[in-house]
Amino acid sequence: MNRIEMWLAKAAGVESCKAGDDLNCRVSYVGAHDVTAPIAIDQFLSIGVDRVFNPERVFMVVDHIYPASTANARRNVQKMQEFADRFGTHLFAQGEGVIHQVLYEYFDVKEGDLVVIADSHTGTCGGYGAIGVGVGSTELAAAMATGTVDLEVPEVVNVLLSGHLQPGVSGKDLILYLAGMLGTDYLTDRGLVFSGPGIKSFSVAERMTVCNMGIELGSMITLFGDEQPEEETIRTIELDLSTLEAQIALPFSVADVKAVKEVAGVPITQVTIGSCTNGRLADMEEVYNVLKDHRVADHVNLLVFPASRSIQNEMDKRGWSEVIRNAGGTILNPGCGPCFGAHMGVVTDDDVVVSSTNRNFPGRMGGVGAKIYLASPLTAIHSAVAGKIVTDLSEVGSC
Amino acid sequence: MLTIKGCIQKLGDDVDTDQILPGYAMAEPADQLGRFALAGATDIDFKKDINTCRVLVAGKNFGCGSSREQAPLALKQAGVALVIARSFARIFRRNSINIGLPVLVADIYEEASPGDEIDVDLQSGEIILNGKRFETKPLSETVCRTLQYGGLIPRVRADLGLDETVE
Chain A
0 MNRIEMWLAK
10 AAGVESCKAG
20 DDLNCRVSYV
30 GAHDVTAPIA
40 IDQFLSIGVD
50 RVFNPERVFM
60 VVDHIYPAST
70 ANARRNVQKM
80 QEFADRFGTH
90 LFAQGEGVIH
100 QVLYEYFDVK
110 EGDLVVIADS
120 HTGTCGGYGA
130 IGVGVGSTEL
140 AAAMATGTVD
150 LEVPEVVNVL
160 LSGHLQPGVS
170 GKDLILYLAG
180 MLGTDYLTDR
190 GLVFSGPGIK
200 SFSVAERMTV
210 CNMGIELGSM
220 ITLFGDEQPE
230 EETIRTIELD
240 LSTLEAQIAL
250 PFSVADVKAV
260 KEVAGVPITQ
270 VTIGSCTNGR
280 LADMEEVYNV
290 LKDHRVADHV
300 NLLVFPASRS
310 IQNEMDKRGW
320 SEVIRNAGGT
330 ILNPGCGPCF
340 GAHMGVVTDD
350 DVVVSSTNRN
360 FPGRMGGVGA
370 KIYLASPLTA
380 IHSAVAGKIV
390 TDLSEVGSC
Chain B
0 MLTIKGCIQK
10 LGDDVDTDQI
20 LPGYAMAEPA
30 DQLGRFALAG
40 ATDIDFKKDI
50 NTCRVLVAGK
60 NFGCGSSREQ
70 APLALKQAGV
80 ALVIARSFAR
90 IFRRNSINIG
100 LPVLVADIYE
110 EASPGDEIDV
120 DLQSGEIILN
130 GKRFETKPLS
140 ETVCRTLQYG
150 GLIPRVRADL
160 GLDETVE
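Those sequence lines, one after another, are chains A and B. The first sequence maps to residues 0 to 398 in numbering that gives the first Met the number 0. The second sequence maps to residues 0 to 166 in numbering that gives the first Met the number 0.
Heads up, some of the hints might be wrong.
Claimed, not checked - Distance condition first, Cα-Cα at most 25 Å in a straight line; then the derived SDA-like pairs of lysine to any residue:
(1) A:Lys17 x B:Ser86
(2) B:Lys75 x A:Val367
(3) A:Lys257 x B:Asp12
(4) A:Lys17 x B:Lys136
(5) A:Lys370 x B:Lys75
No wet-lab data here; the hints were simulated from the structure.
Let's have the full structure, built from the sequences with the hints guiding it.
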C-alpha cells in the first residue's frame with residue numbers, strides 16, 4: 000500500500016485497501032468556515048440528531064468575510080455562535096486567522112489523521128503529513144452527525160524530488176510548475192504524494208503551501224511523504240529541484256504557467272500577499288526583507304494579510320509591520336482577505352494583480368476582466384516595488 | 000423519476016465555482032441564490048428563466064475551485080435540471096448529488112448545440128440527443144438513491160428511520 004491507502008485503511012478500520020475501494024472512514028477533525036458553515040448547520044439540524052459526534056473534534060472559524068461586510072455575513076456568524084453554544088463545539092470568531100492555519104496552531108493534528116473541512120484547500124494539512132479532504136456543506140453536516148465520511152480510495156501519483164532549490168525559488172514555484180505540467184484536472188479523484196531526498200529543501204510552511212494548491216490540479220488528497228519513493232502508485236514524476244526557476248500563473252488559469260522572466264515587464268496595479276497559501280511567517284519575512292530597503296511603487300496598492308493572529312503578533316514584535324506600512328503597504332487583519340473578491344481589496348476590470356494566493360479565475364477578486372497573476376511572495380513583493388512583474392530588483396535602486 | 004428531458008444551454012471548459020456563484024454572493028441566504036447563478040460566467044449569457052432549456056452541457060473540469068455548495072444550489076434554484084460535462088471537479092460533483100442536482104459525465108460536447116433537444120436516463124446512462132443515441136456510464140446505485148430522496152440529508156434521515164423510505 001502507498002501511504003494514502005495505509006492511512007485511509009486505518010481510518011476505516013480495515014487491514015488493507017486499494018485504489019477504487021469505497022470506505023467508510025472515521026474522521027479525526029471536522030471543520031467549516033463562515034461561508035460553508037451556515038449551510039452545514041442548516042443541514043445538520045435537518046438531520047434531526049441532538050449532538051455532534053464529538054464536540055472536541057468539531058471546529059468552526061470565521062475567516063472569509065471578517066469583519067462582516069454585509070448584514071447577511073454578520074447573520075452567518077451569529078448562526079455559528081448559536082451552534083457552538085448549543086453543541087459545545089470550538090468556535091474561532093475573533094480574528095484568529097484562516098481555518099487551515101488555525102487547525103495547525105490550535106489542534107494537535109497527528110501524521111495520518113483524517114481531516115475533513117468544508118473548504119477546498121483542506122489539503123494544506125498534508126504539509127505535516129495529515130490526510131486532508133475538502134468537502135461541501137452537506138457532506139460536512141453528515142460528518143458532524145456520524146463522525147465518518149464515505150471516501151473512495153484514489154489512485155496516487157508520486158512526485159519524486161531530488162537536488163536543492165536555487166536561491167529565490169520556493170514551494171510556491173514548485174506547485175505552479177506542476178500545475179503547468181499536469182493541468183487543472185489530471186489529478187481529479189487522485190492523490191498526490193511528494194517524496195525523495197529533495198523534500199529536505201522545504202520547511203513545513205512551504206510544504207503547506209504546496210499541499211494547499213494540490214486542489215488546483217484537481218487532487219483529492221495531497222501530502223508529503225519521506226525520502227523513499229512511494230510504493231504502488233500509478234505514475235512517478237521525477238524532478239531535479241536545482242533546475243526549477245521562479246514560476247508565475249497567467250490570467251485566467253492556474254495551469255497557464257511560465258517562468259517569471261518570460262512575462263517580466265508587465266505593468267501592475269495591485270499586489271496581494273497572504274492567505275492560507277502564502278501568509279505564514281517566512282512569507283511575511285520576504286516582504287519585510289525587501290521593504291526595509293525599498294518603497295512600494297506609487298501606483299501599486301499592496302495588501303498584506305497574514306494567515307493568523309500569532310503570525311501578525313510576531314510581525315509586530317519584530318518590527319516588520321511598521322516597516323511594511325511605512326514603505327506603502329497596508330496590513331489587513333488575519334484571514335482570507337481579498338483572495339476571493341468579497342471585500343477588502345476588490346478590483347476593477349482594469350486592474351492587473353500579482354498575488355501570492357491560489358486562484359486567478361475570471362472575477363476571482365472582483366472585476367471579471369481583472370488580470371490576476373499568481374506567484375511566490377518574493378516575486379510578488381519584488382513586483383510591487385518595481386511596479387511591474389520582475390524576477391529581481393537588479394533594475395531598481397534602493398531608496 | 001430519473002429521466003430528464005429538455006433543451007440545452009452550453010458552457011466551455013474549466014467553468015469554476017467563482018463563475019457559477021461569485022464570491023460577493025456567498026453570504027446571501029441559501030434559499031435566494033438562483034438570481035446569482037452563473038453571474039460570473041464569461042462565455043455565455045445564461046438565461047435565468049430556463050423552464051425550457053434546463054440542461055447544461057459543458058466541457059472538462061466543470062465546477063473546479065471552491066467547495067462552496069452555494070454553486071450547485073444556485074444552479075438548482077435557477078431551474079437547472081441536469082449538468083452533463085466531459086468531467087467534473089470532485090467536490091462540485093459530490094455537492095451536486097448531495098443537494099439533489101443530477102450531474103452526469105458524458106462526452107457529447109461536440110455533438111451538442113444550444114437549443115438542441117436531449118432526453119437522458121440517469122439509471123441506464125442512455126442519452127438521446129437530436130434523435131441520436133449515446134451511451135455513457137450510468138450513475139451508481141447509491142447516487143441514484145440519493146437523487147431519488149432529493150439529496151443526502153433526506154436519505155440519511157430515511158436511513159436513520161426518521162422518515163419513510165422511498166421505493
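Structure-based check of each hint:
no.	hint	result
1	A:Lys17 x B:Ser86	holds, 23 Å
2	B:Lys75 x A:Val367	holds, 23 Å
3	A:Lys257 x B:Asp12	holds, 21 Å
4	A:Lys17 x B:Lys136	holds, 22 Å
5	A:Lys370 x B:Lys75	violated, 30 Å
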